[in-house]
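Those protein sequence lines, which keep their order, are chains A and B. Just so it is clear: in the first sequence, position 92 is 92 by UniProt numbering, and no numbers are missing. Just so it is clear: in the second sequence, position 320 is 320 by UniProt numbering, and no numbers are missing.
None of these hints come from the bench; they were simulated from the model. Hints may be right or wrong, so weigh each one.
To be verified - One side of the interface only, derived from the structure: several residues of chain B facing chain A at Cβ under 7 angstroms: (1) ALA167; (2) GLU175; (3) ASP240; (4) LEU294; (5) GLY297; (6) GLY300; (7) GLY302; (8) LEU317.
Said to hold, decoys possible - Below, computed lysine-lysine pairings styled on DSS-like, alpha-carbon distance capped at 27 angstroms: (9) A:LYS337 - B:LYS185; (10) A:LYS249 - B:LYS249; (11) B:LYS13 - B:LYS337; (12) A:LYS237 - B:LYS185; (13) A:LYS337 - B:LYS237; (14) A:LYS185 - B:LYS237; (15) A:LYS13 - B:LYS337; (16) A:LYS296 - A:LYS13; (17) A:LYS185 - B:LYS13.
Just so it is clear, CB atoms sit at the ideal spot from N, CA and C, and this is done for glycine as well.
Spelled out, the chains give:
2 protein chains.
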Amino acid sequence: MASTLLAHHPWTKHPLIISAPMRLIALAPLAVAVSQAGGLGFIGAGSDLNDLTNQLKHAKALFLDNHIKSEVLPVGVGFINWGADFQLALDILANHIPAVAWFFAPERNQDLLRWSTGVRDVTQGRTKIWIQIGTVADAVEVANLCNPDVLVVQGADAGGHGLERGAGIITLLPEVADAMQAIGKGNINLVAAGGIAEGRGVAACLALGAEGVVMGTRFLASEEANIAKGYQDDVLKSSDGGVRTVRSKVYDTLRGTTGWPDRYGGRGIINESYMDAVNGEVTDEMKRLYEKALTKGDEGWGEHGRLTAYAGTAIGLVHQVSPAHEIVSEVRSQALKLFSPPHTSKL
Amino acid sequence: MASTLLAHHPWTKHPLIISAPMRLIALAPLAVAVSQAGGLGFIGAGSDLNDLTNQLKHAKALFLDNHIKSEVLPVGVGFINWGADFQLALDILANHIPAVAWFFAPERNQDLLRWSTGVRDVTQGRTKIWIQIGTVADAVEVANLCNPDVLVVQGADAGGHGLERGAGIITLLPEVADAMQAIGKGNINLVAAGGIAEGRGVAACLALGAEGVVMGTRFLASEEANIAKGYQDDVLKSSDGGVRTVRSKVYDTLRGTTGWPDRYGGRGIINESYMDAVNGEVTDEMKRLYEKALTKGDEGWGEHGRLTAYAGTAIGLVHQVSPAHEIVSEVRSQALKLFSPPHTSKL
Chain A
1 MASTLLAHHP
11 WTKHPLIISA
21 PMRLIALAPL
31 AVAVSQAGGL
41 GFIGAGSDLN
51 DLTNQLKHAK
61 ALFLDNHIKS
71 EVLPVGVGFI
81 NWGADFQLAL
91 DILANHIPAV
101 AWFFAPERNQ
111 DLLRWSTGVR
121 DVTQGRTKIW
131 IQIGTVADAV
141 EVANLCNPDV
151 LVVQGADAGG
161 HGLERGAGII
171 TLLPEVADAM
181 QAIGKGNINL
191 VAAGGIAEGR
201 GVAACLALGA
211 EGVVMGTRFL
221 ASEEANIAKG
231 YQDDVLKSSD
241 GGVRTVRSKV
251 YDTLRGTTGW
261 PDRYGGRGII
271 NESYMDAVNG
281 EVTDEMKRLY
291 EKALTKGDEG
301 WGEHGRLTAY
311 AGTAIGLVHQ
321 VSPAHEIVSE
331 VRSQALKLFS
341 PPHTSKL
Chain B
1 MASTLLAHHP
11 WTKHPLIISA
21 PMRLIALAPL
31 AVAVSQAGGL
41 GFIGAGSDLN
51 DLTNQLKHAK
61 ALFLDNHIKS
71 EVLPVGVGFI
81 NWGADFQLAL
91 DILANHIPAV
101 AWFFAPERNQ
111 DLLRWSTGVR
121 DVTQGRTKIW
131 IQIGTVADAV
141 EVANLCNPDV
151 LVVQGADAGG
161 HGLERGAGII
171 TLLPEVADAM
181 QAIGKGNINL
191 VAAGGIAEGR
201 GVAACLALGA
211 EGVVMGTRFL
221 ASEEANIAKG
231 YQDDVLKSSD
241 GGVRTVRSKV
251 YDTLRGTTGW
261 PDRYGGRGII
271 NESYMDAVNG
281 EVTDEMKRLY
291 EKALTKGDEG
301 WGEHGRLTAY
311 AGTAIGLVHQ
321 VSPAHEIVSE
331 VRSQALKLFS
341 PPHTSKL
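For reference, chain A alone in the conformation it holds in the complex (with noise of 0.2 angstroms):
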């Protein structure tokens, strides 16, 4: 099974580290030095694609510039799928054929049909198509309707963008392998995401049956992050995620962004904005404050802050920024070390 996902992929190697297309902060720089690493790197395009062909251009140098050459661009391309446009992410990624295309809360399932379609079309299949999905519903869903070659399993834990209720990946990610076997579908591979910062995590997602796995709040500390620094330094400083973060709509209301489906909430640090949020309910005063604190810089972040920082519940696991590719092959050792399941002895 795990050959399936290197094979599709070959410069990466086992257990394959993944990091997620986080919109605004995981551009060319970082998708590149992950890839390199030997994991998967995306570039978080979102739902505005505007910035997506320069981002897929720098990609291109970057890696031109370390004498590699593949057919593919060896990054992956992160939608979000209720507010990307699809003809021009068809345009986009015909041009440039990105090693993967990750799909990621349309307003029904049933969009993804089109989209998935559409890339495979326009790629002629060297575009690999990624699905995330929160439930066993969801994921028995769009395997039937469009067969992904990769459903990326996301748990309660996950920082950023996830279902407002949903299980951890450790009920998650066994249900819908389960699933998928059940309906036949059991070559789908599987991948975690939420929750995973460091090697144990790894090593747990790859007993509890995923081919890889997605980290994005330990990715927050690296290098290549396009992120500010007070948000990074929050990160860091902060602990007990369970405690210290919490899923909400709070800031998306704050920042005005009003496109996600009713199910969706973002996990952030709480701060402020969050703090005064009763019942969840932003008021004007809220707002204005959060546009002052936006003038601030690194000062309008941390527990005293108004800013929205999303990061997952493992911030407590994260202690230094680092260069990307120490966190993948750091990560991708620790877990050997853990995790050595009797399969691969045989390889």
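Put chain B on the given structure of chain A with help from the hints.
Only chain B this time, still in chain A's reference frame:
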């Protein structure tokens, strides 16, 4: 490390499978069956100790029937500390010397110092002290206060009572492990709870650093559980536990249980009681309907029922009722197949 825990309880086998002290459900037959299978079974004494002496006598009789003699009674007892009578607990423990006293949900962590000291005194240290926590801060506080033999690290996926807001085991267990190392308490064994129902989850928790694994929801579907058929059927029929279960205070309010400290809620299967409780508010009419459902027997449970079916997000991994000894040995052997870390091969 694992050897410390196994040595304390010499009838147990690696990996240690523990049955949760579920109030009213986990009584002598379940606890004894689990321990007889090489696990560690718990009697859920909860907040009311009036039946505990009977349960311990029953357990002793069951062991004698099987010609098992031991200096300590090879089962544990779980207390809900905000409600349990301290002096009565000491008297009972002194008389029966169970292997473990498991503490959970004191009004204040500070209260557990008296409990730990008292139990160690009256049992001459033969009854080991386990303390359940759901945050890193609580883990550090109780470790420093009580120096427990075991911390039971409960993730957000757990059924029944737990913290209303917390992390899943995927981040909580490793962060607690690191915190214990940092305060010089690395000798405290960590046991994982919350979302584990079969071998993959057990293997994952071993990879995360747990020395043993607690299962609750899985044992709801054991032959020895003291559980209504309607409740058990609901567990068997339900799946997609992140969607079909939710943590709230609704069921405590309906049942008139008022003693839980504010930060706790109970995870249960969603039914009409929960659906009616807009913003968590419970009306007199809802209480009346709940009381009426109590008269309906097994019909009172289920998606369209009103009675409380506490269960974790692992419901979708539980498919049949089995004898507890089969559950223990099956889960143990599944886990061993998946996870054989380097250090066990040296044993």
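A quick look at each hint next to the structure:
1. Restraint check, ALA167 of chain B versus chain A: the minimum CB separation of about 3 angstroms is within 7 angstroms; hint holds.
2. Residue-level restraint check for GLU175 of chain B holds (minimum Cβ-Cβ distance to chain A is 4 angstroms; threshold 7 angstroms).
3. Contact between ASP240 of chain B and chain A, as hinted, is supported at the beta carbon level, the nearest pair being about 4 angstroms apart and thus within 7 angstroms.
4. Annotation: interface hint on LEU294 of chain B violated; nearest CB of chain A at approximately 28 angstroms, more than 7 angstroms.
5. For GLY297 of chain B, the suggested interface contact is broken, since its CB lies about 30 angstroms from the closest CB of chain A, more than 7 angstroms.
6. At its closest, the beta carbon of GLY300 of chain B sits 25 angstroms from a beta carbon of chain A; the interface hint therefore is violated under the 7 angstroms criterion.
7. For the restraint placing GLY302 of chain B at the interface with chain A, the shortest Cβ-Cβ distance is roughly 19 angstroms, beyond the 7 angstroms limit, so the hint is violated.
8. The restraint placing LEU317 of chain B at the interface with chain A holds, with a minimum CB-CB distance near 6 angstroms, inside the 7 angstroms limit.
9. The straight-line distance between the Cα atoms of LYS337 of chain A and LYS185 of chain B is roughly 24 angstroms, inside the 27 angstroms bound, and the hint therefore holds.
10. In summary, the hint linking LYS249 of chain A to LYS249 of chain B is supported, as the alpha carbons are separated by about 22 angstroms, within the 27 angstroms threshold.
11. For the proposed pair LYS13 of chain B and LYS337 of chain B, the alpha carbon gap of about 15 angstroms is at most 27 angstroms, so the pair holds.
12. For the proposed pair LYS237 of chain A and LYS185 of chain B, the alpha carbon gap of about 22 angstroms is at most 27 angstroms, so the pair holds.
13. Distance check on the hinted pair: LYS337 of chain A and LYS237 of chain B sit about 39 angstroms apart at the alpha-carbon level, beyond 27 angstroms; violated.
14. Distance check on the hinted pair: LYS185 of chain A and LYS237 of chain B sit about 22 angstroms apart at the alpha-carbon level, within 27 angstroms; holds.
15. At roughly 23 angstroms between alpha-carbon atoms, LYS13 of chain A and LYS337 of chain B fall within 27 angstroms of each other, so this suggested pair holds.
16. Taken as a hint, the LYS296 of chain A and LYS13 of chain A pair is broken in the structure, with Cα atoms around 42 angstroms apart against an allowance of 27 angstroms.
17. For the suggested pair LYS185 of chain A and LYS13 of chain B, the alpha carbons sit about 36 angstroms apart, so the restraint of at most 27 angstroms is broken.
Hints 4, 5, 6, 7, 13, 16, 17, counting from the list given before, are not met by this structure.
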